[in-house]
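**Q** What follows is the residue order along each chain.
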Amino acid sequence: MVFRPSSADGQSLDKQDYVQGGATQTAVKILVVGHFAVGKTTFIGSISEIEPLSTEETMTRAAAAVDDLKGVRGKTTTTVAMDFGRLTVSERVVLYLFGTPGQLRFVQMWEDMARGALGALILVDPERLADSFAVIDLIEQYGLDYAIAVNHFDGNPQRAEASLREALDLLDDTPVVTCDARDEKSSAAALTTLVRYLLDRAS
Amino acid sequence: MTAPEEFELASDGLVRAYVITKGRGLPDEQQLSLITLVTAAPDEDRRPQQLSPEEQRLLDICSAGYLSVAEIAGHTKLPLGVVRIVLAGLTEGGHLITRAPVPRARDADRRLLEEVLHGLQTKFG
Ligand SMILES: Nc1nc2c(ncn2[C@@H]2O[C@H](COP(=O)(O)OP(=O)(O)O)[C@@H](O)[C@H]2O)c(=O)[nH]1
Ligand SMILES: [Mg+2]
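Those sequence lines, one after another, are chains A and B. 1 is the number of the first residue of the first sequence in this note's numbering; add one for each residue after it. 1001 is the number of the first residue of the second sequence in this note's numbering; add one for each residue after it.
Treat the hints loosely; a few may be bogus.
To be verified - Label pairs and their calculated CB-CB ranges:
#: 1; chain 1: B; residue 1: Ala1105; chain 2: A; residue 2: Thr24; range: 13 to 21 Å
#: 2; chain 1: A; residue 1: Ala167; chain 2: B; residue 2: Arg1106; range: 31 to 39 Å
#: 3; chain 1: B; residue 1: Glu1044; chain 2: A; residue 2: Asp172; range: 57 to 65 Å
#: 4; chain 1: A; residue 1: Gly143; chain 2: B; residue 2: Asp1060; range: 34 to 42 Å
#: 5; chain 1: B; residue 1: Pro1053; chain 2: A; residue 2: Glu166; range: 53 to 61 Å
#: 6; chain 1: A; residue 1: Arg165; chain 2: B; residue 2: Ser1063; range: 47 to 55 Å
What the hints assert, rightly or not - Subject to a maximum C-alpha distance of 25 Å in a straight line, what follows is the list of computed DMTMM-like cross-link-like pairs (lysine to aspartate or glutamate):
#: 7; chain 1: B; residue 1: Lys1123; chain 2: A; residue 2: Glu184
#: 8; chain 1: A; residue 1: Lys15; chain 2: B; residue 2: Asp1043
#: 9; chain 1: A; residue 1: Lys185; chain 2: A; residue 2: Glu91
#: 10; chain 1: B; residue 1: Lys1123; chain 2: A; residue 2: Asp180
#: 11; chain 1: A; residue 1: Lys15; chain 2: A; residue 2: Glu51
#: 12; chain 1: A; residue 1: Lys185; chain 2: B; residue 2: Glu1115
#: 13; chain 1: A; residue 1: Lys15; chain 2: B; residue 2: Glu1055
#: 14; chain 1: A; residue 1: Lys185; chain 2: B; residue 2: Glu1114
#: 15; chain 1: A; residue 1: Lys185; chain 2: A; residue 2: Asp125
#: 16; chain 1: A; residue 1: Lys185; chain 2: A; residue 2: Asp154
#: 17; chain 1: A; residue 1: Lys185; chain 2: A; residue 2: Glu127
#: 18; chain 1: B; residue 1: Lys1123; chain 2: A; residue 2: Asp14
#: 19; chain 1: A; residue 1: Lys185; chain 2: A; residue 2: Asp145
#: 20; chain 1: A; residue 1: Lys15; chain 2: A; residue 2: Glu91
#: 21; chain 1: A; residue 1: Lys15; chain 2: B; residue 2: Asp1060
#: 22; chain 1: B; residue 1: Lys1123; chain 2: A; residue 2: Asp200
#: 23; chain 1: A; residue 1: Lys15; chain 2: A; residue 2: Glu49
#: 24; chain 1: B; residue 1: Lys1123; chain 2: A; residue 2: Glu51
#: 25; chain 1: B; residue 1: Lys1123; chain 2: A; residue 2: Asp145
#: 26; chain 1: A; residue 1: Lys185; chain 2: A; residue 2: Asp200
#: 27; chain 1: B; residue 1: Lys1123; chain 2: A; residue 2: Glu91
#: 28; chain 1: A; residue 1: Lys15; chain 2: A; residue 2: Glu184
#: 29; chain 1: A; residue 1: Lys185; chain 2: A; residue 2: Glu51
#: 30; chain 1: A; residue 1: Lys185; chain 2: A; residue 2: Asp173
#: 31; chain 1: B; residue 1: Lys1123; chain 2: A; residue 2: Asp183
#: 32; chain 1: A; residue 1: Lys185; chain 2: A; residue 2: Glu49
#: 33; chain 1: B; residue 1: Lys1123; chain 2: A; residue 2: Glu49
To be clear, the hints were calculated from the coordinates, so they are not data collected in a lab. C-beta: ideal position from N, C-alpha, C; glycine also.
Please model the complete structure; the sequences and the hints are all you need to start from.
**A** Next comes the structure, spelled out in C-alpha cells:
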C-alpha cells in the first residue's frame, strides 16, 4: 500500500478510497483491541485495503475543529481515540476493523464501536499480560465474543499457552493464536480463527 | 453554555449546524452508525436548501461513491459527533442516501460470518 496522507479537504479521494460496490454492500465490523503499543494499528494496516484512518469521538472538540477549518490555529490538540481499516470480503460484504485501546474514558466511543460488532480480537503482549486485563474486562462487559491473538515481539521467549490461559483467566473454548501483526498472512490467520469461533457460536 | 469562545464562534457554519441540530437531539445511532454507508443522492431527490460550507464539503466527499460514517470522519479529520450531525442534516434534506448495517440476528450473523470467512480464505489463502 502506498502511503498517502488522507485529505483534510476531502478533495483528493481516489476511486479506491470508496467502498467497492457500495450500493449492494452490507457493512460489518470486528474490533481489534489491546493495550497501548500492542500492535493494533500495525495489525489493521497489514490487512486493510485502505490506508488506516483514525478519528476521535468527542463533541467537545467542535471548537477546535472549526479553528482548524478556518486555519486560525495551526495545531489542534485532538485525542485520537480509534483507528480503523477496511476489507472488502465479497460483492455483498465489506468488513471494517476498528482498533482502540482499552480506556473507559472514551465510553461513548466504546459503545459506538461495540454496538453491532460481530466480535473482537484482543491483541496481547505475553510480556505485559497484566496490561490486558482492563481490555478483556471491557470486551466482556459489552458482551462480545472474542479470541486472543498473542503478538510475539522479537526476542521474547515463547510462553506456554496453558500458563497464558491461566494468567488471563480464559474460558477453555476461547481461541488463542500467536501472530505477527506486521505480517499480512499472520494477521489474516488470527482474524480467521476469530471468525471461525464466532461462526461456531452462531450455529 | 455561553462561554465567550462559543459565542464568538457561533457565526461559523459548523457551529451553527451544531447548535441548530442540537435542539433536535443527536441523530439516530443506528441510522448513522460508524459503519453506515453513505453516498450523495441524485440531484432531483434533493430539497432546496441553503447548505453551509461544511455541509457542502461533506456532500462533495460523498458524491463519488459510498463511504462509511467513520471513513468520512477519518478523511475530513472532523470529530465523529460533528460529522454525524452534519450528515443527519444532509439526510433530512434528501441530499444523502444511507445504508445502515443489517440488524443483528442469528441467521443473518451466520451468513455474514460465512461470507467473511470465505473472503478471508480467498484473499489470504
Ligand atoms: N516485532 C514486532 N513488532 C511489532 C508487532 N506489531 C507491532 N509492532 C511494533 O510495535 C510498535 C507499536 O505498534 P502499534 O501498531 O503502533 O501499536 P498500537 O498502539 O496497539 O496501535 C510499532 O513500532 C510496531 O512496528 C509484531 O507483531 N512484532
Ligand atoms: Mg495505534
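**Q** So which hints don't hold here, by number, going up?
**A** none
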